[in-house]
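Please model the entire structure based on the sequences and the hints provided.
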Amino acid sequence: MTVAVEATDVSLAYRLTRDRAGTMKEFAINLLKRKVKREEFWAVRDVSFSLSPGEVLGVIGPNGAGKSTLMKMVARVLPPTEGRMVVRGVVAPMIELGAGFNQEMSAHDNIVLYGTLLGRTPSQMRDRIGAISEWAELDDFIDVPIRSYSSGMLARLGFAVATDIEPDVLVVDEVLSVGDTAFQEKSKERIQRLIHSGAAVLFVSHQMETVREMSDRVIWLDHGRMVMVGDPAEVVDAYARPA
Amino acid sequence: MEAKPWLLPSTGGVVDGVSLPPRLNMTTTYVYDSDQPRRPIVTELSNLWAYRGLLKLLVTRDLTVRYKRSTLGVWWTLLNPLLTMTVLWIVFSQFFRFEMPGDVPYVAYLLSGILLITFFAQGVIATGSSIVNSASVLSKVYVPAEVFAVAASVAALVNFVISLIPLLAIQLITGVGIPWTVILVPIPAFFLLLLVAGLGLLVASAAVYFYDVLDLTAVLTQLLGYLTPTFYPISIVPERFLPLIYANPLYSYLTVFRGFIYEGAFAPTWMFGVMTGTSIVVLLTGVWVFTRSWKNLVVVL
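Those protein sequence lines, which keep their order, are chains A and B.
Every letter in the first sequence is one number past the one before it in the numbering used here, and letter 45, counting from 1, is 45.
Every letter in the second sequence is one number past the one before it in the numbering used here, and letter 73, counting from 1, is 73.
I should point out that these hints are in silico values taken from the structure, not numbers from a laboratory.
Hints may be right or wrong, so weigh each one.
[What the hints assert, rightly or not] One side only, chain B facing chain A, incomplete, derived with CB under 8 Å:
| hint | residue |
| --- | --- |
| 1 | S34 |
| 2 | K68 |
| 3 | K140 |
| 4 | V289 |
| 5 | R292 |
| 6 | V300 |
Idealized CB from N, CA, C, for every residue including glycine.
Following this line, the structure appears as structure tokens:
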């Protein structure tokens with residue numbers, strides 16, 4: 001069976017904000033002072049893993065460990081600075097849902113726009129509007145500009161569009177906590193269904209119970225590096241153990 | 001044909017009253033490999049083709065959302081240049097009293113100039129700020145950044161085309177008429193689009209690193225606009241400044257455009273040369289710079 005995601009020593013460097021000259025004047029001054037050093041911050045360093053279809057990989061680690069950066073590299077948003085990332089199939093990125101929503105446009109138009117941003121075609125999205133708005137329980141507000149939506153409604157809409165597909169690779173970055181309890185249950189169910197449909201799943205979570213339950217394997221990241229990888233119970237226990 | 005070869009038409013459907021999302025065909029192979037080299041122009045063009053659905057949506061969004069809250073809506077596209085023209089017409093035709101050579105009414109001369117320069121200036125600024133403005137999307141979802149840039153350029157073109165309607169109306173009213181050469185107007189429009197896209201990509205790549213570039217661009221495009229005979233006839237320009245006007249490539253675009261839209265005449269051949277040459281060189285430079293910086297774009301954003 002072919003591998004769905006294959007990361008070989010991937011690293012990603014951000015240039016630190018304080019070193020990035022915001023204006024040309026600052027840049028010129030820095031240049032004169034010979035201070036334009038390309039100081040880099042390695043958010044992810046030499047991470048390798050491979051993931052087969054149907055496998056679930058949990059990613060844990062403290063804040064700033066590089067979990068989200070790693071997810072963005074799988075989702076193709078950030079090209080690795082070093083190393084190689086190969087992803088086979090359609091990726092459904094569930095990272096900060098709703099990016100690209102336009103406040104002035106109706107939910108109807110936003111479903112089409114957001115879905116198209118995620119790589120589907122406008123005509124496919126138009127066919128799915130009914131099902132999406134029904135699932136998000138937003139049928140009555142479909143023609144309203146979303147600037148009048150509540151944050152919960154926006155989250156539901158984003159989640160509904162992002163998951164309205166059967167992807168080969170699903171990237172979930174802590175988005176399972178949207179909406180009220182009932183909606184959370186509903187969205188968990190949906191994620192489960194996507195997993196059972198054979199997608200390779202990468203997910204980031206701080207809820208160790210969820211990680212232990214859902215994953216086949218777990219990666220523990222700290223300061224961008226892999227501390228441990230392997231059996232969920234072992235890694236989670238080691239991570240939870242006070243140092 | 002679907003926009004993405006790996007996304008085949010929905011084989012979803014309704015099961016037990018539940019509408020299923022499209023099931024993807026697993027046999028199609030779509031592979032993302034970060035090591036795959038990027039080929040200038042080829043990569044951009046294939047990205048634009050793959051995302052043409054999005055491109056269309058973005059252009060429509062650019063054109064409609066701007067006026068969403070206004071009562072007149074898209075009519076502002078027509079009204080805007082007409083109002084500018086009226087102001088300039090009052091100032092320069094009534095206060096300054098320019099003598100126009102030939103028998104072309106000043107309004108047609110003025111409006112044609114305003115429209116072309118507006119297309120250029122707004123196009124470059126919109127394209128230049130497109131990537132910075134889409135940062136929130138580009139840092140969360142994979143979309144080739146050039147789609148946003150090109151959408152902004154195309155939106156400026158569409159605006160320009162719509163605003164030709166009042167110009168043609170004025171030509172009819174003032175008795176200038178519409179010559180057959182009007183069907184050739186797409187030629188200067190196309191080359192100006194290339195110029196706008198090229199300069200825009202250049203500005204957009206730079207704006208990611210230095211936000212100031214956008215302000216600088218606004219000033220420079222305005223300056224270039226003044227150096228183009230939009231509201232003044234070239235005959236009033238003192239001889240020692242003429243080289244400056246001739247050196248401005250926009251003068252060639254404008255002369256070609258005016259020739260086609262109301263004079264029914266062809267501009268001198270060298271102007272066609274300047275027009276095509278400038279467009280191609282600028283576009284290639286823009287794409288080249290963009291290609292070199294794209295990898296850092298999102299990381300910096």
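Cross-check of the supplied hints:
no.	hint	result
1	S34	holds (4 Å)
2	K68	holds (4 Å)
3	K140	holds (4 Å)
4	V289	violated (16 Å)
5	R292	violated (13 Å)
6	V300	holds (6 Å)
Hints 4, 5, counting from the list given before, are not met by this structure.
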